[in-house]
Amino acid sequence: QNAVSALRRREFHRSVTVRDALNQAMDEELERDERVFLMGEEVAQYDGAYKVSRGLWKKYGDKRVIDTPISEMGFAGIAVGAAMAGLRPICEFMTFNFSMQAIDQVINSAAKTYYMSAGLQPVPIVFRGPNGASAGVAAQHSQCFAAWYAHCPGLKVVSPWNSEDAKGLLKSAIRDDNPVVFLENELMYGVPFEMSEESQSKDFTIPIGKAKIERQGNHVTVVSHSRYVGHCLDAAAVLAKEGIECEVINLRTIRPMDVESIETSVMKTNHLVTVEGGWPQFGVGAEICARIMEGEWHVSSQTSCSTQRLQSVQNPMQKFKFCMCLREVPD
Amino acid sequence: SGKMLSNISNVLRACAQKNGAAVVMSARTYADFTTQATFEIKKCDLFKLDEAPATQVVMTRDEGLQYYRTMQTMRRMELKADQLYKQKIIRGFCHLYDGQEACAVGIEAAINLTDHLITAYRAHGYTYTRGGTVKEIMAELTGRRGGIAKGKGGSMHMYCKNFYGGNGIVGAQVPLGAGVALACKYQENNQLCVCLYGDGAANQGQIFETYNMAALWKLPVIFICENNRYGMGTSVERAAASTDYYKRGEFIPGLRVDGMDVLCVREATRFAADHCRSGKGPILMELQTYRYHGHSMSDPGVSYRTREEIQEVRSKSDPISMLKDRMLSNNMASVEELKEIDVEVRKEIEDAAQFATTDPEPPLEELCNHIFSNNPPVEVRGTNPWSKLKSVS
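Top to bottom, those sequences are chains R and U. For the first sequence, UniProt numbering gives the first residue as 1, with consecutive numbering after it. For the second sequence, UniProt numbering gives the first residue as 1, with consecutive numbering after it.
The reader is advised that the hints may include incorrect statements.
Facing chain U, according to a computed beta carbon distance under 7 Å, are these residues of chain R, among others [as the list claims (entries may be wrong)]: (1) 69; (2) 80; (3) 118; (4) 121; (5) 122; (6) 233; (7) 236; (8) 294.
Calculated directly from the structure, the hints in this document are not laboratory data. As the structure is a prediction and not an experimental result, all values here were calculated from the model. All C-beta atoms in this analysis are idealised placements derived from N, C-alpha and C, irrespective of residue type, glycine included.
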């Protein structure tokens, strides 16, 4: 089976979809540590609602890959309890919209416990699933929860963009001894990316809490996470033809946020645009702007900085149409 | 023994002559007491069960003394907490357990410390039976650094080995408990989890979700509903369409138990533990019990129930009195011996209260510690952008 998958990798010239990268991450971590297991709706016999856990039940069986009834609050609580008692669960929400049913378990039972117990009770758990807008699934199935979860101390919140992000960050999340909310994106599952030699290794992890500069530039800093990083890079390519060089930063982690990387970039460019799929009010972009305004840049800079937030339209239905309004950022 | 008795009576005579008064003392030695006795206890109501816990049970003198001491310690600890709260030395929430001691003690008597237990916020008693000391518990109530959670958890968030709190959100502890049981089954360690909730929590949806999964996956969990007749200010009749809490598990077998009798609780828990450990899956116990205090220290507890009711339970069903009567009438202990225990307990509580009142609060430098486990130290923003606090794991 290993030989076949090795061949498959060589065939595709190491081009791996986000879905397969996530699958590889879980497969490798299930193999590496007996205490890791996956639970959620349709993760086992259905191969995953979005086929992210394809093949895992066949390989690891009922004990390690568990189909749950439709009881988010119940099974999220069970997952947290299992983490408290020494296991390392991966709890899948079919989408993060359904995590609202269970949000009390994520925040009050998982995130706060290590603090309230003064270090006696760690909770090594990963909550993962698709987050944010999909294709025409309507308001109730399209909310982005990055800002909601990132608001809470005690949680780590991760939002990968490409396959390397997905694999490296999920492995780190599973190995982390703390509750991690892992926000995937359904529209990214099928998108292939080239993966480096290094990222094929079973020990490849990406540190949580560090952003990545996807594209260097001197004129404007563009910060984004998840699917919209791709849009930013596309926009940057268009703008480059007009002589505007964007520095595109892929946050990778929402909490703890790598404000330093953003700050260093803004010191250079003096222009900041944040791009996200969530709503503007009290969102990720709002937090970035506030932190930059309070930070080193504001104190030391001679010039005035313009910051703009681009995000989904502020109505319940997040049909996000990304406008190329970067061109309109004032000098 | 005869020689010793004559020695003692000589000493007594000498004392009496010295003091010029009649001195009444017990001249009985501990060898005079019955080492064990058999008791007839109340039958349990059964649901979907063909067998029942024993109704003829043996209690040894040692067991009796231990139950007595533990219950008395819990009782005095809670009453001291009441006192400290009224003096504003304990602040915040404080939900007292006095009246319900037989539940915690009976349960612990039937399981091992290697088993697991989780409960809601009325948790001081369980913190004690699970291994916390009175000192650590009281210092946690007063929010000092000697507290069992270093002063960061308070009344509702006390933890120790195999004890998962202390949980503030009503009902949330039930899925957690089933998760702990899942870990036991997964790790094949023959351990089980006792998962407690109240009559108020019994109507929470997540509990029914948990019943379903526990039964489906045959998790080794004992669900226990401590029915003290009132969910805060709402009596069970006003809250539940069915007050047969032991039947609410529908497809999970259930027992209704007299929660004021420590032996009833012990036998029922033994029965339930056997059920779990034999791989049959979850079981549900309803303990009929009573709390003397109101819901919390901010509730006098008499607006929704009468003082007569409280007094009646105290005089007819108090768990400590019942045990005391049993032991005395079966010659298992003497009045003086039990009084001695009372004195020792009182001293332990006094010392703990003294510690809890004088121990310093946790230092500000530790405010942000324990946000993440096994993490390199991070900086945490204080109340303004220029205030940076340190956080270590």
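Compare the structure with the hints numbered earlier in the document and write down the numbers of the violated ones, lowest to highest.
Failing hints, ascending: 6, 7.
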